[in-house]
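The numbering of the sequence shown is my numbering, which starts it at 376 and goes up by one.
What the hints contain is simulated information worked out from the structure, not anything from laboratory work.
The beta carbon of each residue, even a glycine, is placed where N, CA and C say it ideally should be.
Treat the hints loosely; a few may be bogus.
Stated by the list, open to error - Now the in silico label distances, taken between C-beta atoms and shown as ranges: (1) F508 with G453: 21 to 31 Å; (2) F510 with R430: 36 to 46 Å; (3) T517 with Y452: 36 to 46 Å; (4) Q380 with I506: 17 to 27 Å; (5) T474 with N423: 25 to 35 Å; (6) A400 with P471: 17 to 27 Å.
Stated by the list, open to error - In silico lysine to aspartate or glutamate, EDC-like type, Cα no more than 16 Å apart, as pairs: (7) K467 with E504; (8) K467 with D408; (9) K475 with E448.
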Amino acid sequence: MVSTQAITAVLDSLADAWVKGDADAYGAHFTKDASYITFVGTMYHGRNDIIESHRALFEKFTKGTKLSGEIVEVRCYGPDTAVVTGRGENHKGKTPKLTKVQTYTLVREADGQWRIAAFHNTKRRELMEAISFKFAPQMRPTGRLP
376 MVSTQAITAV LDSLADAWVK GDADAYGAHF TKDASYITFV GTMYHGRNDI IESHRALFEK
436 FTKGTKLSGE IVEVRCYGPD TAVVTGRGEN HKGKTPKLTK VQTYTLVREA DGQWRIAAFH
496 NTKRRELMEA ISFKFAPQMR PTGRLP
(Lines of atoms letter the chains of each structure in order from A and count residues from 1; the text may use other names and numbers.)
(Lines give C-alpha, C1' and ligand atoms only; values in the text may rest on other atoms or scores of the structure.)
Protein backbone atom coordinates (compact mmCIF):
# COMPACT_ATOMS: atom_id res chain seq x y z
CA MET A 1 0.00 0.00 0.00
CA VAL A 2 1.22 3.49 -0.85
CA SER A 3 1.77 5.99 1.96
CA THR A 4 -0.25 9.08 1.15
CA GLN A 5 1.83 10.79 3.83
CA ALA A 6 4.93 10.50 1.61
CA ILE A 7 2.98 11.98 -1.29
CA THR A 8 1.58 14.92 0.67
CA ALA A 9 5.06 15.56 2.11
CA VAL A 10 6.26 16.27 -1.45
CA LEU A 11 3.55 18.91 -1.87
CA ASP A 12 4.36 20.44 1.52
CA SER A 13 8.03 20.64 0.58
CA LEU A 14 7.10 22.15 -2.79
CA ALA A 15 5.13 24.89 -1.00
CA ASP A 16 8.09 25.50 1.32
CA ALA A 17 10.42 25.99 -1.67
CA TRP A 18 7.89 28.48 -3.10
CA VAL A 19 7.85 30.52 0.13
CA LYS A 20 11.65 30.65 0.07
CA GLY A 21 11.64 31.68 -3.59
CA ASP A 22 14.05 28.82 -4.29
CA ALA A 23 13.55 27.82 -7.93
CA ASP A 24 16.14 25.03 -7.75
CA ALA A 25 14.49 23.41 -4.72
CA TYR A 26 11.07 23.90 -6.32
CA GLY A 27 12.20 22.24 -9.54
CA ALA A 28 13.83 19.34 -7.71
CA HIS A 29 10.32 18.07 -6.89
CA PHE A 30 9.66 17.37 -10.59
CA THR A 31 10.81 14.55 -12.83
CA LYS A 32 13.40 15.39 -15.46
CA ASP A 33 10.72 15.27 -18.19
CA ALA A 34 7.79 16.72 -16.21
CA SER A 35 5.01 18.74 -17.80
CA TYR A 36 3.70 21.84 -16.02
CA ILE A 37 0.62 23.72 -17.20
CA THR A 38 -0.14 27.08 -15.58
CA PHE A 39 -3.62 28.52 -15.02
CA VAL A 40 -3.10 30.83 -18.02
CA GLY A 41 -2.35 27.82 -20.21
CA THR A 42 1.42 28.13 -20.54
CA MET A 43 3.01 24.69 -20.79
CA TYR A 44 6.52 24.04 -19.56
CA HIS A 45 8.28 20.80 -20.37
CA GLY A 46 11.12 19.41 -18.32
CA ARG A 47 12.63 20.21 -14.94
CA ASN A 48 14.99 22.86 -16.35
CA ASP A 49 12.12 24.76 -17.98
CA ILE A 50 10.18 24.63 -14.70
CA ILE A 51 13.19 25.86 -12.72
CA GLU A 52 14.01 28.77 -15.04
CA SER A 53 10.40 29.92 -15.36
CA HIS A 54 10.00 29.86 -11.59
CA ARG A 55 13.29 31.66 -11.09
CA ALA A 56 11.79 34.54 -13.11
CA LEU A 57 8.46 34.28 -11.25
CA PHE A 58 10.12 34.32 -7.83
CA GLU A 59 12.17 37.39 -8.78
CA LYS A 60 9.14 39.36 -10.03
CA PHE A 61 5.46 38.43 -10.04
CA THR A 62 5.32 36.01 -7.13
CA LYS A 63 8.10 37.47 -4.99
CA GLY A 64 7.12 37.27 -1.33
CA THR A 65 4.08 35.07 -1.91
CA LYS A 66 3.19 31.70 -0.47
CA LEU A 67 1.13 28.75 -1.62
CA SER A 68 -1.97 27.66 0.21
CA GLY A 69 -3.92 24.61 -0.72
CA GLU A 70 -6.07 21.72 0.26
CA ILE A 71 -5.95 18.19 -0.99
CA VAL A 72 -9.33 16.96 -2.14
CA GLU A 73 -8.34 13.47 -3.15
CA VAL A 74 -5.33 11.17 -3.47
CA ARG A 75 -5.74 8.18 -5.79
CA CYS A 76 -2.99 5.59 -6.14
CA TYR A 77 -2.51 3.46 -9.23
CA GLY A 78 -0.11 0.78 -8.16
CA PRO A 79 2.84 1.24 -5.82
CA ASP A 80 4.59 3.98 -7.82
CA THR A 81 1.92 6.29 -9.25
CA ALA A 82 -0.50 8.69 -7.57
CA VAL A 83 -2.87 11.40 -8.75
CA VAL A 84 -3.61 14.24 -6.35
CA THR A 85 -6.53 16.59 -6.92
CA GLY A 86 -6.75 19.76 -4.89
CA ARG A 87 -7.44 23.44 -4.67
CA GLY A 88 -4.82 26.12 -4.27
CA GLU A 89 -3.76 29.73 -4.54
CA ASN A 90 -0.60 31.80 -4.32
CA HIS A 91 -0.94 34.94 -2.27
CA LYS A 92 0.47 37.43 0.18
CA GLY A 93 -1.03 37.85 3.63
CA LYS A 94 -4.15 36.01 4.73
CA THR A 95 -5.19 32.87 2.88
CA PRO A 96 -7.81 33.81 0.28
CA LYS A 97 -10.52 31.66 -1.24
CA LEU A 98 -8.79 28.84 -3.12
CA THR A 99 -9.79 29.55 -6.73
CA LYS A 100 -7.54 27.18 -8.62
CA VAL A 101 -8.19 23.50 -9.22
CA GLN A 102 -4.99 21.49 -9.46
CA THR A 103 -3.98 18.01 -10.53
CA TYR A 104 -0.60 16.50 -9.70
CA THR A 105 0.56 13.18 -11.10
CA LEU A 106 3.37 11.81 -8.96
CA VAL A 107 5.64 8.87 -9.63
CA ARG A 108 8.12 7.09 -7.41
CA GLU A 109 11.40 7.12 -9.30
CA ALA A 110 14.23 4.55 -9.23
CA ASP A 111 15.88 6.37 -6.29
CA GLY A 112 12.71 5.78 -4.22
CA GLN A 113 11.73 9.46 -4.21
CA TRP A 114 8.27 10.68 -5.18
CA ARG A 115 8.38 13.40 -7.83
CA ILE A 116 5.79 15.27 -9.83
CA ALA A 117 5.59 14.06 -13.43
CA ALA A 118 2.71 16.33 -14.43
CA PHE A 119 0.99 19.37 -12.95
CA HIS A 120 -2.08 21.14 -14.27
CA ASN A 121 -3.47 24.31 -12.70
CA THR A 122 -6.87 25.68 -13.74
CA LYS A 123 -8.51 28.85 -12.49
CA ARG A 124 -12.08 28.01 -11.54
CA ARG A 125 -14.62 30.38 -13.03
CA GLU A 126 -17.57 30.00 -10.66
CA LEU A 127 -19.82 32.47 -12.49
CA MET A 128 -19.29 30.74 -15.83
CA GLU A 129 -19.83 27.40 -14.14
CA ALA A 130 -23.12 28.57 -12.58
CA ILE A 131 -24.36 29.94 -15.91
CA SER A 132 -23.46 26.68 -17.65
CA PHE A 133 -25.33 24.65 -15.03
CA LYS A 134 -28.37 26.94 -15.26
CA PHE A 135 -28.73 26.50 -19.01
CA ALA A 136 -27.51 22.90 -19.16
CA PRO A 137 -28.21 21.30 -15.76
CA GLN A 138 -27.05 17.93 -17.06
CA MET A 139 -23.51 19.38 -17.05
CA ARG A 140 -23.50 19.58 -13.23
CA PRO A 141 -21.17 16.92 -11.80
CA THR A 142 -23.00 14.15 -9.99
CA GLY A 143 -19.99 12.42 -8.48
CA ARG A 144 -19.00 13.45 -5.00
CA LEU A 145 -15.39 13.93 -4.09
CA PRO A 146 -14.35 13.04 -0.55
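Hint by hint, here is what the structure shows:
1. F508 with G453: 21 to 31 Å: violated (35 Å)
2. F510 with R430: 36 to 46 Å: Between F510 and R430, where Cβ atoms are some 44 Å apart, the hint holds.
3. T517 with Y452: 36 to 46 Å: The hinted range 36 to 46 Å is violated for T517 and Y452, with Cβ atoms some 23 Å apart.
4. Q380 with I506: 17 to 27 Å: Since Q380 and I506 have Cβ atoms about 40 Å apart, the given range 17 to 27 Å is violated.
5. T474 with N423: 25 to 35 Å: The hint (25 to 35 Å, Cβ to Cβ) holds, given that T474 and N423 are roughly 29 Å apart.
6. A400 with P471: 17 to 27 Å: holds (24 Å)
7. K467 with E504: violated (27 Å)
8. K467 with D408: Outside the cut-off at roughly 31 Å; violated.
9. K475 with E448: holds (15 Å)
Of the numbered hints given earlier, the model fails hints 1, 3, 4, 7, 8; all others are met.
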